[in-house]
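Throw the hints in and build the complete structure from the sequences for me.
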Amino acid sequence: MRIFVSVKIGKELENKIIEWQKSRDDLKVRWLKPENLHITLIPPWETQNIEEVKNKLKSLPRGEQSELYGGEFDILFNKVSFGPKPEHPRLIWAEGKSPENFKKLRKNTEQILGVYNNHPDEYIHVTLARFDPRDFKKLKTRELNEQVDWKDKVKSVILYQSQTLPEGAKYTILEEIKI
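All residue numbers for the sequence shown refer to UniProt numbering, where the first residue is 1 and numbers rise by one.
Just so you know, the hints here were simulated from the structure itself, not pulled from any lab data.
Don't take every hint at face value.
[Claimed, not checked] As a list, the in silico DSS-like pairs of lysine-lysine whose alpha-carbon atoms are at most 25 Å apart: (1) Lys-151 / Lys-104; (2) Lys-155 / Lys-79; (3) Lys-58 / Lys-178; (4) Lys-22 / Lys-137; (5) Lys-104 / Lys-54; (6) Lys-103 / Lys-79; (7) Lys-11 / Lys-22; (8) Lys-28 / Lys-170; (9) Lys-178 / Lys-16; (10) Lys-54 / Lys-153; (11) Lys-138 / Lys-28; (12) Lys-85 / Lys-155; (13) Lys-56 / Lys-153; (14) Lys-33 / Lys-178; (15) Lys-33 / Lys-138; (16) Lys-107 / Lys-155; (17) Lys-138 / Lys-54; (18) Lys-151 / Lys-33; (19) Lys-58 / Lys-103; (20) Lys-155 / Lys-54; (21) Lys-170 / Lys-153; (22) Lys-28 / Lys-137; (23) Lys-104 / Lys-79; (24) Lys-97 / Lys-79; (25) Lys-151 / Lys-11; (26) Lys-22 / Lys-151.
[Stated by the list, open to error] Here are the computed distance ranges between Cβ atoms for each label pair: (27) Ser-23 / Lys-151: 38 to 46 Å; (28) Lys-178 / Phe-136: 34 to 42 Å; (29) Gln-111 / Asp-26: 41 to 49 Å; (30) Gln-161 / Pro-84: 22 to 30 Å.
All of these numbers come straight from a predicted model, not from anything done at the bench.
By construction, the Cβ of each residue, glycine as well, lies at the ideal position given by its N, Cα and C atoms.
If you want it as structure tokens, here you go:
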């Protein structure tokens with residue numbers, strides 16, 4: 001089974017993203033559904049032992065007694081742009097600087113699961129849309145660097161199953177761990 005670990009975004013941020021997507025409905029891209037919006041902690045990997053992964057995640061330190069990240073914490077997204085590489089984009093995403101608490105949560109989750117994220121730790125992002133890189137030249141706009149002020153609170157870590165379907169990715173929540 002293909003799984004990944006992420007942070008689910010809150011309703012307030014979800015609504016801001018939906019409004020932003022609606023204001024750009026002239027872009028011919030595949031917008032992510034609200035239930036699929038998330039911030040990846042550990043990217044997808046294959047496993048056969050879901051119960052073992054769930055049990056390990058349940059051992060994450062929680063609440064204010066967690067010396068690592070102090071329980072719930074805030075994150076900020078300050079820009080919407082094309083990604084992951086500006087010269088060869090395939091996504092539209094909101095990005096922001098990764099707060100220290102998020103870095104600590106990611107590192108702790110990696111250590112507990114024994115699965116490591118090989119992406120740089122400096123920035124976080126939420127994917128808003130996907131498109132075929134070959135279609136980039138067909139998009140109505142080819143420059144996107146919009147400043148935003150979107151805040152959210154990290155409250156839990158979620159284990160998702162990831163399925164690739166003809167109509168796009170489907171993410172199913174397998175476990176949610178409040179931090």
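Hints breached by this structure: Going through the list in order, the structure violates hints 12, 17 and 27 and respects the others.
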